[in-house]
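Undergrad: Chain by chain, the residues run as shown.
2 protein chains.
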Amino acid sequence: MAERDDHIKWHSYNVTKELYNRRFGHMSGVIWITGLSGSGKSSIANELNTMLYERHIYSIVLDGDNLRTGLNKDLGFSAKDRSENVRRTAEVAKLLVQAGALVIVALVSPIKADRDMAKSMFEEGEFVEVYADCPLAVCEQRDPKGLYRKARANEIAHFTGISSPYEPPSNPDIRLSSDLLSVKQAAGTIMYYLFENTSV
Amino acid sequence: MAERDDHIKWHSYNVTKELYNRRFGHMSGVIWITGLSGSGKSSIANELNTMLYERHIYSIVLDGDNLRTGLNKDLGFSAKDRSENVRRTAEVAKLLVQAGALVIVALVSPIKADRDMAKSMFEEGEFVEVYADCPLAVCEQRDPKGLYRKARANEIAHFTGISSPYEPPSNPDIRLSSDLLSVKQAAGTIMYYLFENTSV
Chain A
1 MAERDDHIKW
11 HSYNVTKELY
21 NRRFGHMSGV
31 IWITGLSGSG
41 KSSIANELNT
51 MLYERHIYSI
61 VLDGDNLRTG
71 LNKDLGFSAK
81 DRSENVRRTA
91 EVAKLLVQAG
101 ALVIVALVSP
111 IKADRDMAKS
121 MFEEGEFVEV
131 YADCPLAVCE
141 QRDPKGLYRK
151 ARANEIAHFT
161 GISSPYEPPS
171 NPDIRLSSDL
181 LSVKQAAGTI
191 MYYLFENTSV
Chain S
1 MAERDDHIKW
11 HSYNVTKELY
21 NRRFGHMSGV
31 IWITGLSGSG
41 KSSIANELNT
51 MLYERHIYSI
61 VLDGDNLRTG
71 LNKDLGFSAK
81 DRSENVRRTA
91 EVAKLLVQAG
101 ALVIVALVSP
111 IKADRDMAKS
121 MFEEGEFVEV
131 YADCPLAVCE
141 QRDPKGLYRK
151 ARANEIAHFT
161 GISSPYEPPS
171 NPDIRLSSDL
181 LSVKQAAGTI
191 MYYLFENTSV
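Protein chains in written order, with the working numbering: chain A, 1 to 200; chain S, 1 to 200.
Honestly, the hints are just simulated from the structure, not real lab data.
Any given hint could be a false lead.
For chains that are exact copies, the list does not tell them apart, and a pair is met inside one copy or across any two.
[Said to hold, decoys possible] For lysine to any residue, the following SDA-like pairs were computed, each having C-alpha atoms within a straight-line distance of at most 25 angstroms:
no.: 1; residue 1: Lys94; residue 2: Ser12
no.: 2; residue 1: Lys9; residue 2: Tyr20
no.: 3; residue 1: Lys112; residue 2: Tyr20
no.: 4; residue 1: Lys184; residue 2: Tyr20
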């Protein structure tokens, strides 16, 4: 007896992405910020989201740490679970893009193949990859959550950059030297990119 | 060596639910439509979403079948997977409520405990339970996806109402006799409820 996966029927809805976009007066899409723990992803996402709000652009942040207290709380830090973490985040982003939002993702997402999978779910021009490029030594010195110290002390496993790999993007749309830029400068760089290269 | 679940830090964001609500000019919340397959959930959700769009209220539909082609495509129809299906849907709804949306969920969600768990994730007054109350015999006669026929022929497993339980809400906020009402009437009933009982 088959499971029902073959029998799922797609329901079309009247209010399409185009109608949502028309209502908000801007395109929807994803700004995907990848980088090491401590590279400033969440701070940049928060600043960008605030800037967009002030300009009446509808944006939402999907923050990796916050998602791990909710949607992704059943997932750990193995390669498989990290991949599933990226997949679910991308799926939620896709729902939101359909509904007209500019989605800011702040997620370590250390594996290139996982990020490429996420990108492949969106249309051309809808996915902006941002690399918060901060040297490991700087992230480790900042250590805002005290996690590097614990990782070095072997108190936590699978820690990106220490005991788990980080594959930097080879060709990100935006590379932010987030050790040198202020949070406002970093967010402003993304904002400028959006205004120059998209219909936001 | 501990996993990192104890070390997840919540990031606070400047643009709060209150600010999103102020921007959109209405409250956010969840309209959770439960009912048998074929009871009209998706059609009612589509109509309600369209009505809300026309009235400049920001709403999004989370459709159970559509989610099973994306976010929930790894889940089957066992009790455990159905429960996880409800949990993830509620978690996504919560993210959207934080971001100012009125979320319309169209999901069989057959188990009372699962629906109650979903409801418990929201604040008082944010969660409206709608029961698309259509007799099994009518759903089976409609059989819009041909699934009842297959379930009776033992071609699909765990089919709600046939080989899997449906626990009707004992005290839903809205009970729709969806076998007697037109889709417009059913959606209009929800709309009227929202205008009378909430700050939508």
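Undergrad: If a hint holds in the structure, say so; if it does not, say that too.
TA: To see whether the hints hold, each was checked on the structure:
no.: 1; hint: Lys94 with Ser12; in the structure: both (15 angstroms within a copy, 23 angstroms between copies)
no.: 2; hint: Lys9 with Tyr20; in the structure: within (23 angstroms within a copy, 33 angstroms between copies)
no.: 3; hint: Lys112 with Tyr20; in the structure: neither (31 angstroms within a copy, 33 angstroms between copies)
no.: 4; hint: Lys184 with Tyr20; in the structure: between (29 angstroms within a copy, 22 angstroms between copies)
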